[in-house]
Amino acid sequence: MMKDKPFFDTDIAWCPGCGNLPILKTFDKAIYAAGVDRKKLVLVSGIGQAAKLPHYTQANVFNGLHGRALPAATGIKLANHDLEVVITSGDGDMYGEGGNHLIHNIRRNIGVKAFVHNNQVYGLTKGQASPTSDPGFTTKLQVHGVASLPFNPLAIAIVEQCSFVARSFAGDREHLQAMMVAALEHKGGFALLDILQPCVTYNKVNTYQWYKARVTPIDEDHNPYDRDKALQLALTWGERIPVGIIYKHDRPTFESQFPPLQNAPLVSRYGEL
Amino acid sequence: MDLTIRIAGAAGQGVETTGDLLVEVFADQGIHCLSTQTYMSRIRGGVNSYDVRISDREIFSGRERADMLIALNEKTLNWFSEKLTEDGIALYSGADKGADQSKVIAIDLEKVATEVGGSAIMANIVAAGAIFSIVGHDIGSLEDHIRSHFQHKGKGIVNANIACARKGAELVGEHAGRLNAPIHGDAPTGICSGNEAVGLAAATAGIKFATGYPMTPSTGVLTYLANAADKYGLVVEQAEDEIAAINMICGATYAGVPAMTTTSGGGFALMVEGISLAGMLELPIFVFLGQRPGPATGLPTRTAQQDLLFAVHAGHGEFPRAVFAPGTPQQCYDLTRHGIEIAHKHQSPVILISDQFLADVRKNCPGLDDTYRPVDRHIVENPPEDYLRYAVTESGLSPRALPGSSAFVVLDSDEHDEDGHITDHIPTRVKMQDKRMRKYAGLLEDLIRPQWYGPEDAGHVLVTWGSAYGPCREAVDYLVHTDESIAMLHFAQLWPLDGAAIADMIGDRHVTVVECNQTGQLGRLLRQVGALADFALMGKYDGLPFTADEIIRRIQ
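Read top to bottom, the protein sequences are chains A and B.
The opening position of the first sequence corresponds to residue 1 in the working numbering, with each subsequent residue numbered one higher.
The opening position of the second sequence corresponds to residue 1 in the working numbering, with each subsequent residue numbered one higher.
No lab work stands behind these hints: they were computed from the structure.
Treat the hints with care, as some may be off.
[Unchecked claim] Result set (SDA-like, lysine to any residue): computed pairs, CA atoms no more than 25 Å apart in a straight line: (1) K40/A <-> P383/B; (2) K126/A <-> H316/B; (3) K187/A <-> Q58/A; (4) K39/A <-> N382/B; (5) K345/B <-> L273/A; (6) K126/A <-> I422/B; (7) K29/A <-> A407/B; (8) K25/A <-> A13/A; (9) K40/A <-> S406/B; (10) K231/B <-> L273/A; (11) K187/A <-> S405/B; (12) K345/B <-> E272/A; (13) K40/A <-> P399/B; (14) K231/B <-> T189/B; (15) K39/A <-> L388/B; (16) K39/A <-> A407/B; (17) K40/A <-> D376/B; (18) K75/B <-> E64/B; (19) K126/A <-> E415/B; (20) K29/A <-> I422/B; (21) K39/A <-> I379/B; (22) K345/B <-> R269/A; (23) K126/A <-> H425/B; (24) K231/B <-> S256/A; (25) K40/A <-> A407/B; (26) K126/A <-> R429/B; (27) K231/B <-> P260/A; (28) K39/A <-> S406/B.
Please work from the sequences and hints to get the whole structure.
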């Protein structure tokens with residue numbers, strides 16, 4: 001087992017103070033804490049600032065196309081379900097360009113963990129609105145402010161009976177690590193962890209201070225199997241933003257339902273039938 | 001002896017069932033047969049047709065005119081009667097409307113079926129009985145087929161079907177034996193369609209994961225694989241869209257599982273970014289592209305060869321790929337296996353182009369090998385700790401390891417260094433792009449050269465590709481007995497090409513490019529690689545396949 005700080009000596013492309021930095025540091029601790037064998041770990045990402053995370057740690061990496069982390073991860077998991085497949089990508093990648101795949105992989109309940117760095121803005125392309133930007137958020141492109149309502153990933157996931165739905169905040173590393181570990185230890189299929197992440201350069205509204213004033217851990221007695229309560233929590237966004245394990249649903253994973261995958265991963269039974 | 005039987009009716013009237021039955025019974029007797037289908041994009045109604053051509057020699061093309069028309073309704077009788085040969089005969093399912101009885105036999109097939117104790121769905125068996133009688137076949141072979149196919153449904157069903165067949169044979173009266181047809185032959189008794197051949201070859205070559213979004217005419221391959229999945233231990237997934245379909249197989253091939261996706265032009269358009277991804281990540285994906293006429297949704301159930309240049313050029317940026325286009329079901333089998341091998345050997349995307357005509361064509365095939373013979377994936381089993389997925393080599397091929405092994409395997413769609421990590425260092429970019437493109441040398445070494453057919457000293461050559469093989473070949477067979485000095489050059493591999501070698505083969509001959517499109521895409525591609533300068537074009541873009549008859553007519 002490797003140490004909990006496998007940082008590559010590499011030139012990180014993120015701004016000083018970027019919300020991705022605590023996510024990266026916490027991720028490395030969570031991998032260690034959850035006892036994940038890094039040689040069996042595949043990090044999948046699309047395109048965006050968050051999607052660069054796999055390059056800054058040690059793992060197998062599939063850094064694919066914008067929006068397509070989920071279908072690639074699905075193919076990897078079906079080919080070798082012994083691998084721990086984790087997506088680390090952003091809100092534009094997962095909720096915008098890749099939104100359709102999110103819906104359908106929740107339906108599949110593929111055993112992939114999706115850590116979505118949600119900073120409500122596009123960083124890589126320098127400051128345009130994201131699918132989760134609040135209405136009225138002005139940018140160089142949305143000059144009169146965002147006119148659309150924000151995408152609610154948690155509510156969508158709960159409606160589609162996602163097997164694990166949680167939210168955390170990059171500014172609370174202890175909570176974030178607990179959520180990451182819980183997602184990594186979840187064996188019941190697709191896990192969505194939405195991580196609220198300040199962007200210090202392009203989002204002057206949803207700052208560390210803004211989130212800190214609102215982020216509220218869910219009551220300890222919340223039953224994540226209570227779908228109605230979970231949906232209420234997912235729809236709560238404003239003065240109070242609930243974080244924690246919001247919803248769980250038990251059903252068979254996608255990969256458990258194919259006869260050829262019953263005894264061994266597809267990849268290991270290639271040589272003979 | 002050469003005979004074409006055309007069954008025509010509305011969708012849902014059993015056109016395909018009747019056609020399939022005829023093909024199977026004729027093939028059982030070692031008779032060469034070939035069937036082609038045309039159908040409309042609808043579940044009920046419209047005009048569908050199914051041609052069964054039988055011969056005493058191997059056949060590769062449909063015919064324009066039929067010797068016998070089975071018209072399951074009045075509309076198809078009117079529609080197809082003028083496409084009968086001079087001595088041809090029509091069997092019309094319905095009441096006698098006073099047509100010339102030497103040309104049209106009226107039998108209400110459904111009524112007859114119920115009268116002899118069967119049900120309306122046995123109308124096709126009445127038709128088959130009538131057909132067998134008209135072509136002078138003993139209906140014993142039809143009865144044997146009925147016994148073996150309906151045995152599991154019980155004696156009552158078998159007897160009712162046999163009664164239908166006998167009644168049909170009886171009702172043609174004096175027309176019995178009117179048409180000449182081969183009785184027995186030594187053709188292979190197995191029958192295979194283009195799409196079945198692709199599916200079987202993929203399953204036996206070790207495809208373990210197949211994805212697709214249903215789209216005519218490619219769906220048959222995915223359906224075949226779904227039904228073969230438990231036998232060959234593979235997973236088939238209907239993706240939410242074609243973008244997911246191709247990215248899924250990119251993921252699966254990264255993890256070490258040979259994978260393919262199936263689509264048609266519109267879906268392929270959505271996959272194009274994924275083709276480029278496979279080029280950049282050097283993934284051995286296999287894409288089946290079943291063409292139909294565009295632009296856009298076009299004619300969904302018709303045929304075309306309009307996506308050649310699209311496939312050869314699909315994907316932003318520059319990267320190696322191979323493109324194949326079989327001409328027969330046998331070639332569908334051979335090139336599918338070859339394509340999957342090439343993808344793995346050269347770590348590059350491979351596209352196999354078919355079309356509706358070839359997808360649906362059914363023909364005698366010598367027993368296609370159905371044993372599992374997985375292709376070599378060219379994988380490094382125990383990579384060292386300092387393994388580099390994209391190590392620069394002379395051949396351009398870097399040792400390929402899998403995630404989950406003893407080393408990290410890192411892939412990035414961004415330009416990357418040998419370790420797979422993102423870079424925008426300019427010299428590294430050039431080094432890596434050169435490395436990828438060097439794989440073309442290996443692809444060219446494994447090139448399948450175009451096939452010359454006909455006299456070597458012919459002054460005129462029909463240059464063609466893919467499914468136009470059969471019609472062109474038969475046209476050459478006919479024309480060599482006329483004043484024409486003609487041969488065929490058929491391309492089953494469309495990319496990469498060896499322009500100089502092709503130019504040598506063609507020499508100073510007159511070239512007519514024969515392809516199912518309007519702009520001569522193969523001709524333009526050959527010009528691009530310096531294989532030829534000028535060419536005449538025999539194009540076709542009405543949504544129907546070429547026949548040898550049409551090619552001969554247009555040449556003469």
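Each hint, compared with the structure:
Proposed proximity of K40/A and P383/B is supported: the alpha carbons are some 14 Å apart, at most 25 Å. Restraint check for K126/A and H316/B: satisfied, since their Cα atoms lie roughly 23 Å apart, inside the 25 Å limit. For the proposed pair K187/A and Q58/A, the alpha carbon gap of about 23 Å is at most 25 Å, so the pair holds. A C-alpha spacing of about 13 Å is found between K39/A and N382/B, which places the hinted pair at or below 25 Å, so the restraint holds.
Using a Cα cut-off of 25 Å, the hinted pair K345/B and L273/A holds, with the two alpha carbons roughly 22 Å apart. Straight-line distance between C-alpha atoms of K126/A and I422/B comes to about 19 Å, which keeps the hinted pair within the 25 Å bound. For the suggested pair K29/A and A407/B, the alpha carbons sit about 21 Å apart, so the restraint of at most 25 Å is met. For the suggested pair K25/A and A13/A, the alpha carbons sit about 15 Å apart, so the restraint of at most 25 Å is met.
Note on K40/A and S406/B: the hinted pairing holds, with a Cα-Cα distance of about 9 Å set against a maximum of 25 Å. Restraint check: the Cα-Cα separation between K231/B and L273/A comes to about 8 Å, which is no more than 25 Å; the hinted pair holds. Using a Cα cut-off of 25 Å, the hinted pair K187/A and S405/B holds, with the two alpha carbons roughly 22 Å apart. For the hint pairing K345/B with E272/A, the CA-to-CA distance comes to about 20 Å; that is within 25 Å, so the pair holds.
Using a Cα cut-off of 25 Å, the hinted pair K40/A and P399/B holds, with the two alpha carbons roughly 19 Å apart. Among the hinted pairs, K231/B with T189/B is consistent with the structure: their alpha-carbon atoms are about 23 Å apart, no more than 25 Å. Of the supplied pair hints, the one linking K39/A and L388/B holds, its CA atoms being roughly 15 Å apart against a limit of 25 Å. Under the criterion of a C-alpha separation no larger than 25 Å, the hint pairing K39/A with A407/B is consistent with the structure, at around 7 Å.
With a C-alpha separation of about 24 Å, the suggested pairing of K40/A with D376/B holds against the 25 Å cut-off. Distance check on the hinted pair: K75/B and E64/B sit about 19 Å apart at the alpha-carbon level, within 25 Å; holds. In summary, the hint linking K126/A to E415/B is supported, as the alpha carbons are separated by about 20 Å, within the 25 Å threshold. Annotation: proposed proximity of K29/A to I422/B holds, straight-line Cα distance about 24 Å (limit 25 Å).
With a C-alpha separation of about 17 Å, the suggested pairing of K39/A with I379/B holds against the 25 Å cut-off. Taking the CA atoms of K345/B and R269/A, the gap is near 20 Å; set against the 25 Å cutoff, the hint holds. The straight-line distance between the Cα atoms of K126/A and H425/B is roughly 21 Å, inside the 25 Å bound, and the hint therefore holds. A threshold of 25 Å between alpha carbons decides the hint, and for K231/B with S256/A the separation of about 18 Å falls inside it, so the pair holds.
With a C-alpha separation of about 10 Å, the suggested pair K40/A and A407/B falls inside the 25 Å cut-off, and the hint holds. For the given pair, K126/A sits about 24 Å from R429/B by alpha-carbon distance, which is consistent with the 25 Å threshold. For the hint linking K231/B to P260/A, the alpha-carbon distance of about 9 Å falls within 25 Å, and the restraint holds. Between the alpha carbons of K39/A and S406/B the distance comes to roughly 7 Å, so the proposed pair stays at or under 25 Å and holds.
The structure fails none of the hints (numbered hints given earlier).
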